[in-house]
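Chemist: Take a look at the letters that make up each chain.
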Amino acid sequence: GQSLEQPSEVTAVEGAIVQINCTYQTSGFYGLSWYQQHDGGAPTFLSYNGLDGLEETGRFSSFLSRSDSYGYLLLQELQMKDSASYFCAVRERMDSSYKLIFGSGTRLLVRP
Amino acid sequence: DAGVIQSPRHEVTEMGQEVTLRCKPISGHNSLFWYRQTMMRGLELLIYFNNNVPIDDSGMPEDRFSAKMPNASFSTLKIQPSEPRDSAVYFCASSRTGVGSYEQYFGPGTRLTVT
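First to last, the protein sequences are chains F and C.
In terms of this note's numbering, the first sequence has 77 at position 77, counting the first letter as 1, and numbering is strictly consecutive.
Position in the second sequence counted from 1, then plus 112, gives you this note's numbering.
The set of hints was computed from the structure by calculation and includes no laboratory data.
Predicted model only: the values in this text are computed from it and were never measured.
Backbone N, C-alpha and C fix where the C-beta goes; we use that ideal spot for every residue, glycine too.
One thing to keep in mind: the hints can contain errors.
Using C-beta positions, here's what the derived DEER-type ranges look like [said to hold, decoys possible]: (1) T225(C) with S104(F): 18 to 24 angstroms; (2) G128(C) with K81(F): 39 to 45 angstroms; (3) A114(C) with N21(F): 32 to 38 angstroms; (4) R121(C) with E5(F): 31 to 37 angstroms; (5) E5(F) with N164(C): 32 to 38 angstroms; (6) Q192(C) with E56(F): 43 to 49 angstroms; (7) Q2(F) with Q129(C): 30 to 36 angstroms.
Only chain C is shown next, with the shape it has when bound in the complex:
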């Protein structure tokens, strides 16, 4: 299995531009999570999906952030417009649900820099 795939791995953009981060979860996993990691705030859950349906988006910082999961094998996190304070590493993770499913598998992350 290829693991969770994220693209791009690095993104540098200017303030005000739209940024789209992409994630392909592990095949067969029905839960998908978007996290943001910074030195100041640590690892924060932004939103998670179960069976392609958003379950909890309470961690999404503001309306500039949106996430979609149109099918079981693809999800996007969009920031529009981007701001310097959005600079962080964004991780996507996937997992199975059900008894005995404890592990979340993280992708390599997208390092976003907004100048």
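Only chain F is shown next, with the shape it has when bound in the complex:
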């Protein structure tokens, strides 16, 4: 079967660092993506890891270990606007196209 596990909720203080973990078990794997979704909004792309290691984009970084079927999203210098849900998603390949399998999401609450 396919499963992605991530914590349901995380709380952190403004200015702090928070790490959101994701473990996965899927039939095919070509990469791990992260999406952000604010309440009432649509998911928006944050990062993608196709290979092991760390990818950095501003205050956000994402890490992947394919051997451990594990990844994480690291948010630094937290701001109030970072309060949102964060989804990891496994990219599966089928023929010439691909699809994403989403985790259940982690709700991040940033407190002053």
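Take the given structure of chain F and dock chain C to it, following the hints.
Modeler: Chain C in isolation, oriented as in the chain F frame:
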């Protein structure tokens, strides 16, 4: 670019009625995805198209749901007849395929309420 366009943004209908949701993907994108999001089930992939051809419809819950993509710039998701348990936010997303194409672009969603 206008982004992915969905209509209507909100739909309230009675049980048993037909509902049609519409999506216009970003020009040049050749993959289109329909998702459903609820608190209980999260973000579920219903069906996706590549070059207007349905590739995987294994997420379509039952025969009441159907989707079409008659051309590269338009897709519909139809529910007939609708039921209260179909109440959810339905997202359409599009993307390019090929090396270096990782991002799916989501539309604003259609919030469906079936009473």
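Chemist: Now look at each hint and say whether the structure bears it out.
Modeler: So, going through the hints one by one against the coordinates:
1. About 23 angstroms separates the C-beta atoms of T225(C) and S104(F), a value consistent with the hinted range of 18 to 24 angstroms.
2. In this structure the supplied range 39 to 45 angstroms holds for G128(C) paired with K81(F), their Cβ-Cβ distance being about 42 angstroms.
3. Between A114(C) and N21(F), the C-beta spacing of about 36 angstroms keeps the proposed range 32 to 38 angstroms intact.
4. Distance hint check for R121(C) and E5(F): the Cβ-Cβ separation is about 33 angstroms, which falls inside the suggested range of 31 to 37 angstroms.
5. Separated by about 35 angstroms at the C-beta atoms, E5(F) and N164(C) satisfy the suggested range of 32 to 38 angstroms.
6. Between Q192(C) and E56(F) the beta carbons are some 47 angstroms apart, a value that agrees with the proposed interval 43 to 49 angstroms.
7. Between Q2(F) and Q129(C) the C-beta distance comes to about 33 angstroms, which sits within the given range of 30 to 36 angstroms.
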